[in-house]
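**Q** Join the two chains into one complex using the hints; note that each chain is given alone, in its own frame.
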Amino acid sequence: MKNLGHRQIAAIALATFLLLMAPQLLKVTQIRMLNEIAYFSLFAVSFNLLFGYAGLLSFGHAAYFGLGAYTTAILLKRMAGTPLLLSILLGGMAGAIGGAIIGFFCVRRKGSYFVLLTLAFNQLLWAVAWKWRDLTRGDDGIGGFVPKNVDLGILTLHMASTETMYYVSCAIVIILLLVAWYLMKTPFGNTIRTVKVNEERAAFLGYNINFSKMLIFTVASFFAGIAGSLFAVFQDFVSPNVMDLKMSTEVALMTVLGGTGSFLGPVLGAAIFVYLSDWISSLWDRWEFIMGVLFIILVLYLHQGAIGLIPKKIRSSFKN
Amino acid sequence: MALLEIKNLQKDFSGLRVLFGIDLAIEEGERHAIIGPNGAGKSTLFNLITGKYTPSQGKIFFKGHDITGLLPHRILHSGIARSFQITNIFRSMTVFENMRNAVLSKRRIPYNIFSSLSRVNGIIEETERMMSLVGLLEKRNDLAGELAHGHQRALEIGLTMAMDPELILLDEPTAGMSKSETLEMVWLIEKVTERKTLIIVEHDMDVVFRLATRITVIYYGKVLVSGPPEEIRNDTRVKDAYLGQERVMDAVRA
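Quick mapping for you: the protein sequence lines, in order, are chains R and W. Numbering of the first sequence is given in numbering that gives the first Met the number 0, commencing with residue 0 and proceeding in unit increments. Numbering of the second sequence is given in numbering that gives the first Met the number 0, commencing with residue 0 and proceeding in unit increments.
Excised from the complex, chain W in its bound form (with noise of 0.2 Å):
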């Protein structure tokens, strides 16, 4: 049994159809990445399966459960996390208070009223760690909105993986980044994600082919190949979605 398992997905946002039955199983360990040019469908697919939008039709199961249409928190909490194209953090409030947060809801103590905050048992060694796994220990005190550009995205994914989640979806995680922010980042995910299952949307093919053990294209709502890296690169199909791209944009730039 696939870890996750997508059938027949489709969204309508009133009249516009966004995708149009995407089948797709991730197996567990798998390292997935999903490409595709803009406009494809990538980040819908990712709002579907983590429960910001509801499917139209079509079914989500993960682990054999259906989670169809599930609230997000009730979806995170059966073992998906995920991060977030545009960064999303709790920006006045320091690293530490948004590392605590997601370690707390981790926990499921966000309702406890029977101890002060700073006396919940190890709350604050397990954010000290989290926050050194992603390499923030030292600005702990920094506020999150304050924070340069490549410390914001290292806190996205850090808030994400805090949660421990068994299925990791990460959107985007290198938008806006130079080379070498990039090449810290392709390292710390391979860092965090190790032995986790792993589904990713990126546009930086080198980061794609450096980290997926499976990739699926996306074209227009629909699932236009997936596999092995070797094999999607070589594809003419693929060549000709992105190539095809290029020849429009080729022809806006004439």
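So that you can see chain R by itself, here it is in the shape it has in the complex (with noise of 0.2 Å):
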């Protein structure tokens, strides 16, 4: 951190200063928007994790999302008791597993096979979601699993109430952001470009191709599940729509809205994508439709997603 610039710093301070500030500010249903933001940020950014920094296209991403959401749902019905933090944690360990097993099959398959694949098994965990009415209740869903009060030592926190909900997504998103903006500063992440560049250069040059993919796979699908407990604990709700085709295509829809060029595109495509629906939806009920002639024209005329409308300027003074 040590190589920041005047700007950057001012511009952390004012942007920390205006998330902590936001519940005050605020409208409660603005509140509630800002958190879905939180969320879909997370889960956008580990989208593009795949998408943008290993050329991987997933139409399934939202496989590993309802994996997080029904395990931090399912952990806190039956087992009344674990700590809500933990059951986050093991929300995006569920994402994780799920991404290596079912990323070590579709690594093995190039082009629209791979996102065949993905598809197929988002479609088959939909599936059981659905079926498995012993575990998931199917379509009528779980719901009332988060505990009224969670205990951290220092403080209690009242998870009805919404200014609360907030700070807890902000903070585990900001540093789950951080910690794969880390990553891809790493010779893992340079890995991930590198396999993306050249793929046989890369395999000629010592690295394991399909190892390298499946890691990235199962490292975006943790992020994704940790989105996804987020998501259960803030509607305090879980049913299949969670891991449905709808999820994996807006998912791909916010991160190519926002831009799959840079690490922050997805953050502020998810953040156009949260507010153009409830706006849009609030004066039509197509507003899908509205939505789609909207996202054909980014991909037409605005190659660069939306941050692409940021003079480079402003987006080079960020660039690190």
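Certain hints may be false.
DSS-like mimics (lysine-lysine), calculated; alpha carbons at most 25 Å apart, straight line [as the list claims (entries may be wrong)]:
(1) W/K238 / W/K51
(2) R/K184 / W/K105
(3) W/K51 / R/K109
(4) W/K178 / W/K238
(5) R/K130 / R/K245
(6) R/K245 / R/K109
(7) W/K6 / W/K195
(8) R/K184 / W/K138
(9) W/K105 / R/K195
(10) W/K178 / W/K51
(11) R/K76 / R/K130
(12) W/K51 / W/K138
(13) R/K195 / W/K51
(14) W/K138 / R/K195
(15) W/K6 / W/K221
(16) R/K195 / R/K26
(17) W/K178 / W/K190
(18) W/K105 / W/K62
So, partial list: chain R residues that the calculated Cβ filter (under 7 Å) puts toward chain W [as the list claims (entries may be wrong)]:
(19) K184
(20) T185
(21) P186
(22) N189
(23) T190
(24) V196
(25) G205
(26) Y206
Just so you know, the hints here were simulated from the structure itself, not pulled from any lab data. Idealized CB from N, CA, C, for every residue including glycine.
**A** Below you can see the structure in the form of structure tokens.
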């Protein structure tokens, strides 16, 4: 952190201040929206680790989001007394384990075969969530599992408060975004980019292609799992919808909307997506239509995504 | 024991037989050129040794270990590195990043997550040393895809050499080069492969006779003859193989 410029420090300070003060400045509905943006940001960034960094297009990324959501929900419901943070961490682990197993098979195929395999596994898990009623309660869903108070030793969180939820989500998401950002700066992150740029040359320079892809698949699934857990805790309700095809396409949409070429693009994309879908859906029932049109326009005319609208000068001052 | 030993190596591509049983032994320290008319199977042989393809039959031994059918990265780490006939580099990365990719892999730390890329000990120095070895130090911040052809070829060789291999396979290193570029490349190859074992596929006979201490001629998927350069130069079978092709070419032109 030594090499941060004055402007970056100022920007970080301002952002921190705004995030801390938001509950004082905003209405409850708006805080709820920020909360949604928080976990969808993490979800979209995890999608972009695969798509933007590794060049792997997954059409089944909701599977790991769903694994995280169900794991947290079932743990809290069936084993009351499980610490909340532990249940969120285990949600991430469930996503990672699912990602490692499914990734093991998917990375053995390329291009459209890879995409279709991710989709097939997603549908498989969705069907399990739908049919295994003893565990998941099928389409009735699982609800009412978040404890009222969480004792962290130094302070007690009142989970019914939107404000508390907001701070919990924000803290976890920001920590994990920093972890993901740091990972991409290590030799591991470099390996992921290298394999994307030229797989054959990488293999003949001693890089294990399938293993590298499987690792990033697992890492991305871990973050998706945590995002899903946060979703479950925030909604206090989980149904098969958390891992349906719509969720898988929406995360792709958010990511491309924001821009796949930079780390923070997907965060911007998640913010725009949540805000727009809330606003447009209050105007018209068929809001997905407008979102679809918007998506098409963006892909056709704004290759860098929404982040491309921010002047280069400002963006480059955030690069590190 | 030979460093590399190839026994009865065969390759079929769904019915099309390219190699009909190659036997070859490469001794340590040898500079071995493989020549032969187009389509003789030279590149296929390279691709089998380095793991791009799996042989249909036969065995490959490196330092006495069976490496037949291993994945490319396993073969690389056993000590065999190759360059490609068609330049194969990380085009959207800088020269520095290209070379660093090789150095990171050679150091066996591609999955390190405990230090930032810029702070891994000695990585920058080693990358710079390799760049200067192939004369690309001043180009360090240029995108590899935007380099001149000759520099791209040098980078290709540099990536291969950065792995510090015991056995080097160069696939037509002077492909598409002018006379003067070729001279520079030969000089570079002599410099970087000093005291190493080298197998080179090359069409330019000047290059072959300048570099090689032994030559193997492959003709229609078989070893036609193998021996020291002088022997090959005067071998009538070799002349027939090449002249035969020229006669065919003449017939096509006529």
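**Q** Take the hints in turn and mark each one as holding or not.
**A** Hints and how they fare:
The hinted pair formed by W/K238 and W/K51 fails the criterion: a straight-line CA distance of about 31 Å is larger than 25 Å. Between R/K184 and W/K105, the direct Cα distance comes to roughly 19 Å. Compliance with the 25 Å bound is thereby established for this hinted pair. The straight-line distance between the Cα atoms of W/K51 and R/K109 is roughly 16 Å, inside the 25 Å bound, and the hint therefore holds. Restraint check for W/K178 and W/K238: the C-alpha separation of about 24 Å stays at or below 25 Å, so the hint holds.
Restraint check for R/K130 and R/K245: the C-alpha separation of about 19 Å stays at or below 25 Å, so the hint holds. Note on R/K245 and R/K109: the hinted pairing holds, with a Cα-Cα distance of about 23 Å set against a maximum of 25 Å. In summary, the hint linking W/K6 to W/K195 is supported, as the alpha carbons are separated by about 23 Å, within the 25 Å threshold. Proposed proximity of R/K184 and W/K138 is supported: the alpha carbons are some 23 Å apart, at most 25 Å.
In summary, the hint linking W/K105 to R/K195 is supported, as the alpha carbons are separated by about 19 Å, within the 25 Å threshold. Between W/K178 and W/K51 the alpha-carbon distance is near 31 Å, which puts this suggested pair outside the 25 Å criterion. For the hint pairing R/K76 with R/K130, the CA-to-CA distance comes to about 19 Å; that is within 25 Å, so the pair holds. For the suggested pair W/K51 and W/K138, the alpha carbons sit about 31 Å apart, so the restraint of at most 25 Å is broken.
The suggested pairing of R/K195 with W/K51 holds, with an alpha-carbon distance near 18 Å, which does not exceed 25 Å. About 23 Å separates the Cα atoms of W/K138 and R/K195, which keeps this hinted pair within 25 Å; it holds. Under the criterion of a C-alpha separation no larger than 25 Å, the hint pairing W/K6 with W/K221 is consistent with the structure, at around 12 Å. Annotation: proposed proximity of R/K195 to R/K26 is violated, straight-line Cα distance about 44 Å (limit 25 Å).
Among the hinted pairs, W/K178 with W/K190 is consistent with the structure: their alpha-carbon atoms are about 19 Å apart, no more than 25 Å. Taking the CA atoms of W/K105 and W/K62, the gap is about 19 Å. The hint holds against a cut of 25 Å. A cut of 7 Å between beta carbons decides the hint on R/K184: the least distance to chain W is about 5 Å, and the hint holds. Interface restraint check for R/T185: the shortest CB-CB distance to chain W comes to about 5 Å, inside 7 Å, so the restraint holds.
Checking R/P186 against chain W by beta carbon gives a least distance of about 4 Å; that is within 7 Å, so the hint holds. With a cut of 7 Å, the hint placing R/N189 at the interface with chain W holds, because the nearest CB-to-CB distance is about 6 Å. Hint on R/T190 holds. Least Cβ distance to chain W is approximately 4 Å, under the 7 Å limit. A hinted interface residue such as R/V196 counts as satisfied when its beta carbon comes closer than 7 Å to some beta carbon of chain W; here the least separation is about 5 Å, so the hint holds.
For R/G205, the interface hint holds, since its Cβ comes within 7 Å of a Cβ in chain W; the closest pair sits about 4 Å apart. Interface restraint check: R/Y206 against chain W, minimum CB-CB distance 6 Å, threshold 7 Å, status holds.
The structure is inconsistent with the numbered hints 1, 10, 12, 16, although it conforms to all the rest.
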